[in-house]
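Peer 1: Chains as they are written, first to last, in my numbering: chain F, 32 to 488; chain P, 230 to 335.
Hints in this document: simulated from the structure, not taken from any laboratory. The C-beta atom is built at its ideal place from N, Cα and C for all residues, glycine as well. Just to be clear, a hint being listed does not mean it is correct.
Label-pair distances were calculated between CB atoms; the ranges are [stated by the list, open to error]:
| # | chain 1 | residue 1 | chain 2 | residue 2 | range |
| --- | --- | --- | --- | --- | --- |
| 1 | F | 368 | P | 308 | 29 to 39 Å |
| 2 | P | 299 | F | 368 | 15 to 25 Å |
| 3 | F | 56 | P | 255 | 43 to 53 Å |
| 4 | F | 215 | P | 299 | 25 to 35 Å |
| 5 | F | 222 | P | 299 | 24 to 34 Å |
| 6 | F | 216 | P | 248 | 20 to 30 Å |
Residues per chain are reported as follows:
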Amino acid sequence: MNVLLTLSIAATLALFFGVLRLKNLATPVIVIGLLASLVFNAMEWNNTTSIFNDMMLYNNFTVAFASVGLFITLILVLFYSELSAKHEFHLPEILAIMLFGTVGGIVLLSFRNMVMLFLGIEILSLSYYVLAGIRKQNVYSNEASLKYFLMGAFSSGFLLMGIALIYGVTASLNLNEIAGYVNNAKGIVPPYFLVGVLLILSALLFKVAAAPFHFWTPDVYDGAPTLITALMSSVGKLYSFGAFVLLFNSCFIPLIADWEVILWIAALLSMSVGNITALYQKSVKRMLAYSSIAHAGYMLLALVGINNLTSGSVLFYALAYALASVVSFVVLYIVRDKKGSYDIASFNGLAQKNRMLAVVFTISMLSLTGIPLTAGFFGKFYIFNSALQSGYYWLTAFAVINSFIGAYYYLKPVVAMFASKSDEEITMPALSNSLLILLGILIILIGALPGFISGVI
Amino acid sequence: MNTIFQQIPIEHYITLSAILFCIGVLGVLTRRNAIVLFMSVELMLNSVNLLLVAFSMFHANPAGQILVFFIMAVAAAEVAIGLAIIVMIYRNLKTIDIAELSKLKH
Numbered sequence: 032m033n034v035l036l037t038l039s040i041a042a043t044l045a046l047f048f049g050v051l052r053l054k055n056l057a058t059p060v061i062v063i064g065l066l067a068s069l070v071f072n073a074m075e076w077n078n079t080t081s082i083f084n085d086m087m088l089y090n091n092f093t094v095a096f097a098s099v100g101l102f103i104t105l106i107l108v109l110f111y112s113e114l115s116a117k118h119e120f121h122l123p124e125i126l127a128i129m130l131f132g133t134v135g136g137i138v139l140l141s142f143r144n145m146v147m148l149f150l151g152i153e154i155l156s157l158s159y160y161v162l163a164g165i166r167k168q169n170v171y172s173n174e175a176s177l178k179y180f181l182m183g184a185f186s187s188g189f190l191l192m193g194i195a196l197i198y199g200v201t202a203s204l205n206l207n208e209i210a211g212y213v214n215n216a217k218g219i220v221p222p223y224f225l226v227g228v229l230l231i232l233s234a235l236l237f238k239v240a241a242a243p244f245h246f247w248t249p250d251v252y253d254g255a256p257t258l259i260t261a262l263m264s265s266v267g268k269l270y271s272f273g274a275f276v277l278l279f280n281s282c283f284i285p286l287i288a289d290w291e292v293i294l295w296i297a298a299l300l301s302m303s304v305g306n307i308t309a310l311y312q313k314s315v316k317r318m319l320a321y322s323s324i325a326h327a328g329y330m331l332l333a334l335v336g337i338n339n340l341t342s343g344s345v346l347f348y349a350l351a352y353a354l355a356s357v358v359s360f361v362v363l364y365i366v367r368d369k370k371g372s373y374d375i376a377s378f379n380g381l382a383q384k385n386r387m388l389a390v391v392f393t394i395s396m397l398s399l400t401g402i403p404l405t406a407g408f409f410g411k412f413y414i415f416n417s418a419l420q421s422g423y424y425w426l427t428a429f430a431v432i433n434s435f436i437g438a439y440y441y442l443k444p445v446v447a448m449f450a451s452k453s454d455e456e457i458t459m460p461a462l463s464n465s466l467l468i469l470l471g472i473l474i475i476l477i478g479a480l481p482g483f484i485s486g487v488i
Numbered sequence: 230m231n232t233i234f235q236q237i238p239i240e241h242y243i244t245l246s247a248i249l250f251c252i253g254v255l256g257v258l259t260r261r262n263a264i265v266l267f268m269s270v271e272l273m274l275n276s277v278n279l280l281l282v283a284f285s286m287f288h289a290n291p292a293g294q295i296l297v298f299f300i301m302a303v304a305a306a307e308v309a310i311g312l313a314i315i316v317m318i319y320r321n322l323k324t325i326d327i328a329e330l331s332k333l334k335h
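Model the full structure from these sequences, guided by the hints.
Peer 2: See the structure below:
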């Protein structure tokens, strides 16, 4: 509760500072708000509280996912205000909308009622629609925003239809009562209920950018401003997967025979479509967009055979992916700012000119591939472990083959950085420089000591 | 009190909502004008509203009607953002035909 209030107040204050032309105050207010909500969030640990008449429940699951979300948002706010401040007139508003999106995300991590699921998804998505189109004069940004908006509203329609059908069968929107109904039904529910579950499933697959509902992802991630893409792909995925795990874990486990087929087909398709299409991309940004579809596929693997390892492995994977994806998009932003293009050729000779940038980018690419001693390796390890526990041997084998395919395209820009030559200097502002080093160290540290995170929930 | 609405069997409400929902989905999938697409999405949301109110009456449970208020409020917010995005695109491209929006595909 305190977290939601702090975030909303900080964001509203920043909006006022934007109106009053006190732009310099906006970033400190947002950063203080995020730090305070990180503290309030940590104080909720082991202290399960029910708020809004049982519509939300703040428990350890929420705290763990929300800390990752708040931390990554904080890092991105700092990057955004240092790197984009010079060509950004609307900085306070953008940072405020990022915070409003975080509010939606935290609602998604703690809902216990279908109303809050819907509201959380809408608060999160409406913020991202605006953020994707924040470059008003840029046609690409416009296009990304409209596509995201139309497809997002379309999927909200499916979500609501699903909720309405489930409400029609159970006469309740409360997750506990729906779970009670499902448990009493002993696996035999009316077809309306199953259609409802499938509609909700497809809407959530859409939100996590998994195939076959992935068609918007490459265009939106490619057209949105790079740092916003980093936000959407890292924390956006984290919140949506949190909601996915929460809903299916609490309500629909007795019906697993009815939906697991769809889920593993989605996982299979996401991994193959994402990885194989990424192979052909010339633009690094578009390649990372396709690779994010593949990563959604890996995370779905943990959900296919849902068990008590699922939430922990999804959290670890989301954290590892978020760290690596933030680093790669920030480096891409800096390179693009200098060279004017997202092509792999822009990375030529980066290692000579800015060794730090090249090393951090290499670490993030290795982590996305899943090389041992990086966070990404243990992310994949826990996910595969969870899938193996549920007996999905051949699906796990397929995922392992897919990670080898991933290595090919992730290493292309790395090879370009170290193999070719360039004569353009690339310099970095001080704060972003140290933040990048911090993220690089974190990726290695989590890869070396994975027990810290994996044992949390 | 047995109003005329309660004499109609629930199946009829479900059929009507399903038809409206499908019209909305077809509209989104086939039309090219962004505003018409947008109207189709609203039609989908309103078919859900109708269904929720019907179920709410059927079960004599107010929760569904509360959700309808939330859907209306969110739909209003969505309209505000959606129309802003469409106006922004019209200023840059002088069209709102989504078939023209293919710059990102190369």
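Peer 1: Hint by hint, note whether the structure agrees.
Peer 2: Going down the list of hints, with the structure as the test:
1. F:368 - P:308: 29 to 39 Å: 36 Å, holds
2. P:299 - F:368: 15 to 25 Å: With a Cβ separation near 42 Å, residue 299 of chain P and residue 368 of chain F fall outside 15 to 25 Å, so the hint is violated.
3. F:56 - P:255: 43 to 53 Å: 50 Å, holds
4. F:215 - P:299: 25 to 35 Å: 28 Å, holds
5. F:222 - P:299: 24 to 34 Å: 27 Å, holds
6. F:216 - P:248: 20 to 30 Å: 28 Å, holds
Checked against the numbered hints given earlier, the structure breaks only hint 2 and satisfies all the rest.
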